[in-house]
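A.B. asks: Starting from the known structure of chain E, fit chain G onto it as the hints suggest.
Residue numbers (this note's numbering), protein chains in the order written: chain E, 157 to 727; chain G, 157 to 727.
These aren't lab readings, by the way, just hints derived from the structure by calculation. The reader is advised that the hints may include incorrect statements.
Footprint (simulated), chain G over chain E, 3 or more residues, beta carbon under 8 Å [said to hold, decoys possible]:
id, region
1, 198-210
2, 296-309
3, 316-330
4, 560-569
Distance ranges between label pairs, derived from CB positions [stated by the list, open to error]:
id, chain 1, residue 1, chain 2, residue 2, range
5, G, D231, E, Q683, 47 to 53 Å
6, G, H179, E, N433, 56 to 62 Å
7, E, K172, G, D542, 46 to 52 Å
8, G, S586, E, N326, 41 to 47 Å
These numbers were taken from a predicted model, which means no experiment stands behind them. The beta carbon of each residue, even a glycine, is placed where N, CA and C say it ideally should be.
There are 2 protein chains.
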Amino acid sequence: MVIPMRLAEPSHVQSKIPTDLEHLRKLFIMPDSPDRFMQFGYELLDLIHSFFKEKGGIHSEISLPQLACLFNAIDIPKEPKLLKDILAEVKQKVIKHSVKVGNPYYIGHMTSAIPYFMILLEMIIAALNQNQVKIETAKASTFVEREFISWIHRLIFCKSASFYKRNIQNHRIALGNVTLDGTLANLTAMLVARNKAFPADERFPGIRKAGVAETFRYYAIHKAVFIVSQRGHYSIDKVARITGIGDNNVIKIPVDSNNKIDINALKKVLKEISEYNSSHHDTIKVISLIGIAGTTETGNIDDLMALRKIADEYNIFFHVDAAWGGSVLLVNKYRDLFRGIEKADSVTFDAHKLLYSPLSMGLILFKNPYDLLNIMHTSDYIIRPDSVDQGRFTVEGSRPFSCLKPWVTLKIFGTTGFEVLFDHAFMLTSTLKDVISKHENFELLNSPELFITNYRFVPENIQNKINRIYEQLSNADQQKATRLQKRLKKLNDGINEMNIELHRAIRQEDNSFVSRTMLESTRYRGQKIVVLRAITINPLTTPAILQEIIDEHNKLSLTIYHDFKNRLFHI
Amino acid sequence: MVIPMRLAEPSHVQSKIPTDLEHLRKLFIMPDSPDRFMQFGYELLDLIHSFFKEKGGIHSEISLPQLACLFNAIDIPKEPKLLKDILAEVKQKVIKHSVKVGNPYYIGHMTSAIPYFMILLEMIIAALNQNQVKIETAKASTFVEREFISWIHRLIFCKSASFYKRNIQNHRIALGNVTLDGTLANLTAMLVARNKAFPADERFPGIRKAGVAETFRYYAIHKAVFIVSQRGHYSIDKVARITGIGDNNVIKIPVDSNNKIDINALKKVLKEISEYNSSHHDTIKVISLIGIAGTTETGNIDDLMALRKIADEYNIFFHVDAAWGGSVLLVNKYRDLFRGIEKADSVTFDAHKLLYSPLSMGLILFKNPYDLLNIMHTSDYIIRPDSVDQGRFTVEGSRPFSCLKPWVTLKIFGTTGFEVLFDHAFMLTSTLKDVISKHENFELLNSPELFITNYRFVPENIQNKINRIYEQLSNADQQKATRLQKRLKKLNDGINEMNIELHRAIRQEDNSFVSRTMLESTRYRGQKIVVLRAITINPLTTPAILQEIIDEHNKLSLTIYHDFKNRLFHI
Chain E
157 MVIPMRLAEP SHVQSKIPTD LEHLRKLFIM PDSPDRFMQF GYELLDLIHS
207 FFKEKGGIHS EISLPQLACL FNAIDIPKEP KLLKDILAEV KQKVIKHSVK
257 VGNPYYIGHM TSAIPYFMIL LEMIIAALNQ NQVKIETAKA STFVEREFIS
307 WIHRLIFCKS ASFYKRNIQN HRIALGNVTL DGTLANLTAM LVARNKAFPA
357 DERFPGIRKA GVAETFRYYA IHKAVFIVSQ RGHYSIDKVA RITGIGDNNV
407 IKIPVDSNNK IDINALKKVL KEISEYNSSH HDTIKVISLI GIAGTTETGN
457 IDDLMALRKI ADEYNIFFHV DAAWGGSVLL VNKYRDLFRG IEKADSVTFD
507 AHKLLYSPLS MGLILFKNPY DLLNIMHTSD YIIRPDSVDQ GRFTVEGSRP
557 FSCLKPWVTL KIFGTTGFEV LFDHAFMLTS TLKDVISKHE NFELLNSPEL
607 FITNYRFVPE NIQNKINRIY EQLSNADQQK ATRLQKRLKK LNDGINEMNI
657 ELHRAIRQED NSFVSRTMLE STRYRGQKIV VLRAITINPL TTPAILQEII
707 DEHNKLSLTI YHDFKNRLFH I
Chain G
157 MVIPMRLAEP SHVQSKIPTD LEHLRKLFIM PDSPDRFMQF GYELLDLIHS
207 FFKEKGGIHS EISLPQLACL FNAIDIPKEP KLLKDILAEV KQKVIKHSVK
257 VGNPYYIGHM TSAIPYFMIL LEMIIAALNQ NQVKIETAKA STFVEREFIS
307 WIHRLIFCKS ASFYKRNIQN HRIALGNVTL DGTLANLTAM LVARNKAFPA
357 DERFPGIRKA GVAETFRYYA IHKAVFIVSQ RGHYSIDKVA RITGIGDNNV
407 IKIPVDSNNK IDINALKKVL KEISEYNSSH HDTIKVISLI GIAGTTETGN
457 IDDLMALRKI ADEYNIFFHV DAAWGGSVLL VNKYRDLFRG IEKADSVTFD
507 AHKLLYSPLS MGLILFKNPY DLLNIMHTSD YIIRPDSVDQ GRFTVEGSRP
557 FSCLKPWVTL KIFGTTGFEV LFDHAFMLTS TLKDVISKHE NFELLNSPEL
607 FITNYRFVPE NIQNKINRIY EQLSNADQQK ATRLQKRLKK LNDGINEMNI
657 ELHRAIRQED NSFVSRTMLE STRYRGQKIV VLRAITINPL TTPAILQEII
707 DEHNKLSLTI YHDFKNRLFH I
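Pulled out of the complex, with its shape left as it was, chain E reads as follows (with noise of 0.2 Å):
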């Protein structure tokens, strides 16, 4: 069944291409005989199959500059041209250019390699072409997406078999929204939250009418705020300056040192905001308080009942973004991690993370099935009051019928499948985690929880160095405590510029990728200190690539670490 790769060979001598009705026509229908549409998919996949198998690299070897000229006709295209010409561009400009990210040596962000019939999907979704936002566009497709929202609600809320009978399919309540992605499942779980913050009454016609101005002057607030640790997404600041609440108004509690929201210091903050409001007519506002399992830089998970318990005292709407972390709940042994979700009000969740579909899907879960009323909306001409319409709770308008694409993974995988994907997602961490340990030119800087290491490059002696000026804080008096901790923001001044030569080189290098973050919350607390972040969940990565990586990585810095010898030594 081989078939010769023609979209390799563009016709460059062709006649003019009919434009005509007829002719536009044909490109509207499946093809009456499938053959040619098959003998393009035929050719598509032998073409993306070569693309993973291709040797040397994650990258191409060409240059930003060089491929901005590749993509630089300013014209929009005025004659036709013929479908395999256009798809033999495709392969020589983008899929030749694209990064790989399913690549087991692609470890730095949190794409993975995806289950090939992921792209079988795409092709039933593609032709299908539901809107989910109505019935009238969705049939069989609102009741999937309620199907599954129902799965990951009850994963998480556990509430009784009987709540899941009687709602999975009820249209008067929602258990959630499928979103684009986490950015705006957050948004959805803010907005009801500051929804269900500022309600109407007899007086007054709610927040969702008068805005956040009006509001204000009516409850006699001061100022509303979400609270989150320093971990929190950066989304959480976008939902904050997107609906009218403001970045000022995010508090940002510190962590500890494993990442985790400081509950002291939340108690703090809360106990000031108390005091504050007990003596000012116009008040402080929590809006919600914002858990994370797990974190986007360190895989770390709040103390989520402590969270809910802080969340009740004051009357707190409860969220926890477990965009990264959420699918391993599919896993029993591993729940106790995230001790608390359950007790959440909302929850963000991703497919395209850990459920392994490929880009992008995401959700928010209420655990109040009525919680999603706050934000509800209805129009003339769709989604009616009566309507059974998805499109009632979404902050997206038109949106695909992605939810197919996790709801077939978890049939096919079951939760038994996840379980072993998980394993060996802990245990490809661990691995990780073992050989920087004991690697004498690498410094670990997190206890990853969830699939994340952070770690840099500080050479074996420089690493004594560090440990010398340790010891010596120990007793050291306040004159010389100063003078040590100033050597020692020297000497990370010259590790954070080595690790991002580091970066450079091994981008430069081409044969595994991990990706670079700063963090304030390792052991030398108060410098923000340069790190290395490494995702480990791709199934086809195996130890012996993550020593391999290591390897690497150690060879490039020796190379750099020449360049800085001189100067850290005389720090």
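C.D. replies: Same frame as chain E, now just chain G:
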């Protein structure tokens, strides 16, 4: 090349499916020989093909409660299943009960048939799985996106060639964003407008940081408003709620008989605001004036030139929601319909409407390439300030490589191809208008500009009755006029009910699909009229099909009329 339809025969007798890592890994890579994959692909295509070819209606016969019973499994699947069994389930339960939105008799919503090569492109998009948020997960695709945005920017704003040469791949600015849909495009535009209306200065950090309430205090603002016509898309209200402005502060200007914003009414409102402001300390700020091209319910286009002039006079940000009509700009001879759009500050544009892409993709374009910097955000671990990441400017976080679809479509069709498609759509619209106008039992209720026709069933003798009332009204005294208006209202109440019944009957019959809405802007001003709404953009729809649809409407109507006759005759 015929392969038996094995998908239809799930394997009832099956041994336990292995769940070890080796087995699962095989699902994560393209099978070593693509044969197996292609076999599934082939079967799926065949299945999709037969779904489209199947005679007998837009929908399957199943009722919504019956459908609910198909998707009410409350337990997350535990044991793994074979792909082929799940695909068979998808066929039986999902594909079978999906809405045939691409059927040429489905003229009820803004979905059409889509080119079949979209299915191939979705395969590529899923296989590459690029995340547009950052260059580290989206290399060539970032550049494709910027090229595509530049094309649509030029289509709308027609700046000089040198402007586009300079900016097409200039990562320091942004000509626009790819968004999930039109709602998020409108949201993005209104955020930019809001942030520009309340900027930072030496003493104030700007609305993004400060939030709405503090901003209003600082700028001495009583309230801020959006202004749009009564035909504005419901997403404008949604955006007002989301952004903290409040939907009470969306000023809806009446429309004229062509469903275009009433310019005089608009001027009056702005004059009133101006007068209010000159006599009050706390003023009213107009964040944005929004024009429509075209309206979702009636397909009409506001006088954009006039709106621009007024916006200039009052120094207001001028946004145009061209989610529906924007693509028509691809055909030069229709450009005149949109006169003034090139002077807008921002324009919303949808690819899943008249660019014939599958669900879903919107665009927001800004004339000023620095405007999007008003919502720019950065983060340490991705989208660093010095980065070239598209995610710096988007409301959304993770996003798929959706723009590949319209980018390829423009190359395959060219503007020449789009001319053929839109010529056909204009022809269909004018045919339907004629058929309805000439039909004794139907009343045309709008002057369609962009492929949307509003009409209703009114039997000939009732039409005569209405006409006689209008004749009498022309020389009636106040008292008589009131009586006549009352009769007219009663008649219209009855006709409204009949048309709701008709819509129900059309859906029941299921040979075709139109939507329905309510309009206050017909010649029966002051009364909301139930109208049927047909959208004629599918290249597979023909004049004969439209005639057939109206003939069926007529047949169904006459039966319904029988029940209403007595009531309506006695008014």
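A.B. asks: Each hint: holds or not?
C.D. replies: Going through the hints against the structure:
no.: 1; hint: 198-210; verdict: holds (count 8)
no.: 2; hint: 296-309; verdict: holds (count 8)
no.: 3; hint: 316-330; verdict: holds (count 5)
no.: 4; hint: 560-569; verdict: holds (count 6)
no.: 5; hint: D231(G) to Q683(E): 47 to 53 Å; verdict: holds, 50 Å
no.: 6; hint: H179(G) to N433(E): 56 to 62 Å; verdict: holds, 58 Å
no.: 7; hint: K172(E) to D542(G): 46 to 52 Å; verdict: holds, 47 Å
no.: 8; hint: S586(G) to N326(E): 41 to 47 Å; verdict: holds, 45 Å
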